[in-house]
Amino acid sequence: MTTAMSVSGLVKTFGSTRALDGLDLSVATGEVHGFLGPNGAGKSTAIRVLLGLLHADSGRATLLGGDPWNDAVELHRRLAYVPGDVELWPNLTGGEAIDLLARLRGGLNKARRDELVERFDLDPRKKGRTYSKGNRQKVAIVAALASDAELLLLDEPTAGLDPLMEVVFQDFIFQAKAAGKTVLLSSHILAQVEKLCDRVSIIRLGKVVQSGSLTEMRHLTRTTIEAETAQPAAGLAELPGVHDVQGDDGRVHFAVDGEHLDGAIRQLTRFGIRSLTSHPPTLEELMLRHYGDELEANGGTHADADAGTGETR
Amino acid sequence: MTTTTATRAPAPTGPAGAGSALAGTGTLVRFMLRRDRIKLPAWLLGITFFVVYYGAALPQLYRTEGDLRAISTFMTGPVGALIAGPGYGVDDPTVERLLVGIYGMYIILPAALMSILLVCRHTRVEEQAGRAELVRASVVGRHAQLTATLIVAAVANMVLALLIGAAMAGNGFDAGDGLLFGASVGAAGLAFAGVTAVTVQVTEYSRAAAGLAGVALGAAYVIRAAGDMLDEGGSALSWLSPIAWSQQTRAYVDGRWWPLALSVAFAAAAAAVGYVLSTRRDVGLGLFAARRGAPGAASWLRSSLTFAFRLQRAGLIGWGAALAAAGAIYGGITEPIVDAVEDLPADVIAVLGGDAANMLDGYLSVMALFDALLVGVFVILGVQLLRSEETKGRAEPVLATATSRWAWFGSHLTVLALGAVGLLVAVGGALGAATAISVGDAGYVGDSVAAHLVYTPALLVLLGVAALLFGVLPRAIGATWGVLGFGLIIGFFGPIMDLPQWVHNLSPLEHIARLPLEQLTWAPMLILTVIAAGLLAIGLYGFRRRDLETK
Ligand SMILES: Nc1ncnc2c1ncn2[C@@H]1O[C@H](COP(=O)(O)OP(=O)(O)OP(=O)(O)O)[C@@H](O)[C@H]1O
Ligand SMILES: [Mg+2]
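Which chain is which? The protein sequence lines are E and A, in order. Every letter in the first sequence is one number past the one before it in the working numbering, and letter 192, counting from 1, is 192. For any residue, its number in the working numbering is found by taking its place in the second sequence, counting from 1, and adding 1000.
It should be emphasised that the hints constitute simulated quantities derived from the structure, not laboratory data. Quick caveat: nothing in here was measured; it's all calculated off a predicted structure. Keep in mind that the hints are not guaranteed to be accurate.
What follows is a set of in silico ranges between Cβ atoms, one per label pair, in the way DEER data are often shown [unchecked claim]:
1) Gly-1170(A) to His-55(E): 49 to 55 Å
2) Glu-115(E) to Tyr-1541(A): 40 to 46 Å
3) Arg-112(E) to Val-1283(A): 37 to 43 Å
4) Arg-112(E) to Ile-1151(A): 51 to 57 Å
Each computed SDA-like pair below joins lysine to any residue, with the alpha-carbon atoms no more than 20 Å apart [unchecked claim]:
5) Lys-133(E) to Thr-1550(A)
6) Lys-1551(A) to Glu-87(E)
7) Lys-127(E) to Gly-1393(A)
8) Lys-1551(A) to Ala-1129(A)
9) Lys-110(E) to Ala-1294(A)
10) Lys-127(E) to Asp-114(E)
11) Lys-1551(A) to Thr-13(E)
12) Lys-133(E) to Leu-1134(A)
13) Lys-1551(A) to Thr-17(E)
14) Lys-127(E) to Arg-1207(A)
15) Lys-133(E) to Glu-1389(A)
16) Lys-1551(A) to Glu-156(E)
17) Lys-127(E) to Leu-1301(A)
18) Lys-127(E) to Arg-1394(A)
19) Lys-127(E) to Arg-1310(A)
20) Lys-127(E) to Ser-1206(A)
Some residues of chain E that are not near chain A, with every Cβ distance over 10 Å (derived) [as the list claims (entries may be wrong)]:
21) Asp-67
22) Arg-218
23) Thr-224
24) His-290
Backbone N, C-alpha and C fix where the C-beta goes; we use that ideal spot for every residue, glycine too.
Looking at chain E on its own, in the form it has when it is part of the complex:
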């Protein structure tokens, strides 16, 4: 497995703000990698460093085997970028902007461009400022997807797109994936990430706090179990990795760390399981664990889970 992108110990400061604080990230070739994190976490900054638009203070980044800062032009021929907040030229039409950006990258696949324009229902004849937010975003998406780039860097590409267009976008990302392209997708839309991404990195305060496939992440996080048993279940609370046990005559409800699921179920079977439901953590639950400041405050209680999930490569 080759790596399309590998970043280690990346630091970028703006005055007193540490936007990136030792970021580690690795994306394999052909992978769609989700990049999640709260506002101001450093996602856009990381992508801009990878584009050679910002110069990192320290740390190492390799992109398609090159250095993002020194080999910017060569790398840019092989990648396409969609910013989260697209600004267009007021006196250029959307179609002109698409063509121009594609040509500056080194070529335009005319048929593909027309297909994209059609599928995204974009009017390419409007002038830059007259586009709505979502349509401005589409211009950049079309320009990026119309290229034959092997790597797509997408920074909240669908912010402002309507649900219908979101589906079209996901279609094209599946196509890109099928064609073996690598995608780094920064997004706040969890459903999108859940659907598209093979692996996910969660970034907070400029550091990756968790990284892995969604299955792995689920496994490493608590699953909620609800069960009905013939006799009231006992002894669950004493088991390792089991939390928040609640229950009364025959019904029990608890959370269990992924690695201790087996033990917990074994214990349950001893009381005669009548019904059993388990809820794997939703991505939302995964995220909420890492977002927000209570994480630091409650650092002690979550320490075990975090320690196990920091690096899963």
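We have chain E; now place chain A with the ligands onto it with these hints.
Below, chain A with the ligands alone, put in the same frame as chain E:
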């Protein structure tokens, strides 16, 4: 108070309707003053400072009656008319008359500029940024924003009038005439606030709105200068210009207030037009619906160089047309000027260059300097456009393509350098051709083009300074205006200022031979070109190494 008016909002006419259209004006005025709490005082005090400074410096400069006479002779005739005004009282000069009659022009222009930018800032800039939408969505009437802006502009210009009056009195000059001078400056400001109230309605883009108002200011300047050249004390043509009304008050000669009534009436009429136009358009939009354009890029639009040209094209065309028109006007009036000079007393003619032909050469050389300064404005604006490409986030997607920093920045610099040369040729050619037709001598075409083209190296140095700042210290790019302003002051007032030679030498424009009056000298042009190349190289290198500023 605002809520009660708002509940009456549905009433379309009558006093209630008028009131609701203005709902929130008072709050907006206070809000604008708060937002401008640094900017506006800086403008007002800055302009007043110049009045104080001139009041203190001029007596030092012109110590004797003889000094005063020398400058007044220098300022008589076309040169004075071009750069200063109708020149009332210059034949019997006193310090305050010189201050008002010659330097006054450069008090009026900043006041007009302050008003243009102020009105733009609080109307179209807000709309373009989408902030006006937020404001309008609250309890704010349809005309409140424009009304509040005009109130702030009027107050600013009134305060400026009082400050200047006080400064003149503080300088020890007559207070009544000082106030008249202050009011003249404020009236010009007010007039251009009115003009801007119209231009911001017409176009969707704040930059274009300010540009249009700037074109109006330029036209007012050209018309006034041409009119003042035709006749001592100004001709009927002068009176078509709002700048002339301010100068025709003749402070410290035989002061009169009534021309300012024209300014106020003009401002009111322009504002009224602004209000009418504003009712014909929607928030955020221009007067005309944006036209649709090409569905794809033209086939020539495929490299960073052609793209840079595409972005600078509108500016190039606008400047080219404006400069060529001005050149044609200034060339077209050469014949009456030559006639007028021949009637002047012999000693004045001697100062102006000896005979009429020589005098025309002098005129061309002054015009060339003047035009070079204007092309300098184009150059700086061009680099600032590049800067806004960066800060508005439009450079980011381009630099994420296979376009290197070097190619992106270098392309724009190339377009600006070639554009500057093109503009010099256009204005020099128009001036030369019109002069040739006017006086019947085809030789002036070549003379004029050459007189303009020699400024290319100096403009490249200016471009180099802007490029250096862009690459190394982008926030300070506005400092380039200082270089241009210094060049203007030294270029026009240097000969009458008692400054050491090395100060003159600091202005790149001073190293250029004033063709066709002087002999062409290659060495300084070569050295300037080398300096420019160095500055450009450092700028390019710096930009390659710094972070891109993102939105
Ligand atoms: N040019 C800049 N100057 C100063 N601070 C900056 C700059 N760019 C980013 N920052 C800061 O760096 C931090 C990371 O910002 P970044 O834009 O990378 O966040 P993000 O993860 O993309 O957030 P969002 O989800 O809101 O897009 C923030 O605290 C931000 O304020
Ligand atoms: Mg971001």
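Straight-line alpha-carbon gap Lys-127(E) to Gly-1393(A), limit 20 Å:
17 Å, holds
With the threshold set at 20 Å, check whether the alpha-carbon distance from Lys-1551(A) to Ala-1129(A) stays at or below it.
13 Å, holds
Would you say His-290(E) is clear of chain A, with no C-beta pair closer than or equal to 10 Å?
Since the minimum Cβ distance to chain A is about 25 Å, His-290(E) lies beyond 10 Å and the statement holds.
Within a Cα-Cα threshold of 20 Å, do Lys-127(E) and Leu-1301(A) meet the stated pairing?
It holds: about 16 Å lies between the C-alpha atoms, which stays within 20 Å.
Does the claim that Thr-224(E) lies off the interface hold, with its Cβ farther than 10 Å from every Cβ of chain A?
42 Å, holds
Arg-218(E) clear of chain A by more than 10 Å, beta carbon to beta carbon?
Check passes; 34 Å lies beyond 10 Å.
Quick one, are Lys-1551(A) and Glu-87(E) close enough, alpha carbons at most 20 Å?
Between Lys-1551(A) and Glu-87(E) the Cα gap is close to 10 Å, so the pair holds against 20 Å.
For a C-alpha distance cap of 20 Å, please report whether Lys-133(E) and Glu-1389(A) respect it.
19 Å, holds
Holds or violated: Lys-127(E) to Asp-114(E), with C-alpha atoms at most 20 Å apart
18 Å, holds
Lys-1551(A) paired with Thr-13(E) [C-alpha distance capped at 20 Å]
Roughly 16 Å separates the two Cα atoms, so the pair holds.
Given a hint of 37 to 43 Å, does the C-beta separation of Arg-112(E) and Val-1283(A) actually sit inside it?
38 Å, holds
Taking 40 to 46 Å as the stated bounds, is the beta-carbon spacing between Glu-115(E) and Tyr-1541(A) within them?
With Cβ atoms ~42 Å apart, the hint holds.
The structure fails none of the hints (numbered hints given earlier).
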